[in-house]
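Using this note's numbering, the first residue of the sequence shown is number 47, and each one after it goes up by one.
It should be emphasised that the hints constitute simulated quantities derived from the structure, not laboratory data.
Heads up, none of these hints are tricks.
Ranges of calculated distance between the beta carbons of each label pair, as one might list FRET restraints:
#: 1; residue 1: TYR89; residue 2: GLN216; range: 53 to 63 Å
#: 2; residue 1: LEU223; residue 2: ALA165; range: 41 to 51 Å
#: 3; residue 1: ALA220; residue 2: MET71; range: 45 to 55 Å
#: 4; residue 1: VAL187; residue 2: VAL52; range: 57 to 67 Å
Here the structure is a predicted model, which means the values were calculated and not measured.
Ideal Cβ placement from N, Cα and C applies to all residues, glycine included.
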Amino acid sequence: MNAVPVRHPGRWAAGTIILVFAAIMAQSVFTNTNFRWETVGKYLLDVLVVQGIGWTLLLTVLSMVIAIVLAVLLAFMRQSDNPLFRGVSWTWVWFFRGTPVYTQLVFWGLISVLYPKIAVGVPFGPELLSFSTQDVITAFVAAVLGLGLNESAYLAEIFRAGLKSVDPGQMEAAEAL
47 MNAVPVRHPG RWAAGTIILV FAAIMAQSVF TNTNFRWETV GKYLLDVLVV
97 QGIGWTLLLT VLSMVIAIVL AVLLAFMRQS DNPLFRGVSW TWVWFFRGTP
147 VYTQLVFWGL ISVLYPKIAV GVPFGPELLS FSTQDVITAF VAAVLGLGLN
197 ESAYLAEIFR AGLKSVDPGQ MEAAEAL
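Work out the full structure: start from the sequences and follow the hints.
Right, here's the structure in full:
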């Protein structure tokens with residue numbers, strides 16, 4: 047018996063409509079003089095723009111490194127039998143997911159108003175080291191902290207879901223080792 051594959055004319059029609067629409071949109075963007083493409087080309091590879099891209103990439107990488115390390119810790123804490131660990135992890139995730147990221151960035155950017163200096167020492171005793179908060183938490187450091195701590199809460203839930211998806215038998219086998 048020779049089976050004839052099912053034809054899907056609707057798929058071809060939908061694909062054609064989408065391609066035509068995409069071509070019309072691309073033509074509109076590239077031929078519209080209001081975009082001022084000569085100005086875009088002039089500044090696209092400007093030194094300041096390229097430096098800004100570099101700083102953005104560095105900010106992204108550092109924030110994600112902080113977020114991943116914290117998220118792994120938080121996910122394991124949330125799975126722990128210790129109620130203190132579970133509570134701290136839950137509170138962290140609740141707070142950092144519940145607070146808008148812009149609010150967190152403003153807080154870290156203005157932390158020096160609340161704490162003008164960072165001191166290390168004996169509690170209720172002498173200070174061993176102290177630093178000006180403005181010198182330690184620059185705008186870049188504040189952005190890394192704000193974005194990293196915020197993202198850690200979201201990643202912690204993703205990692206926790208991954209841990210929960212492991213079959214209980216596999217967990218027992220791992221604990222036996």
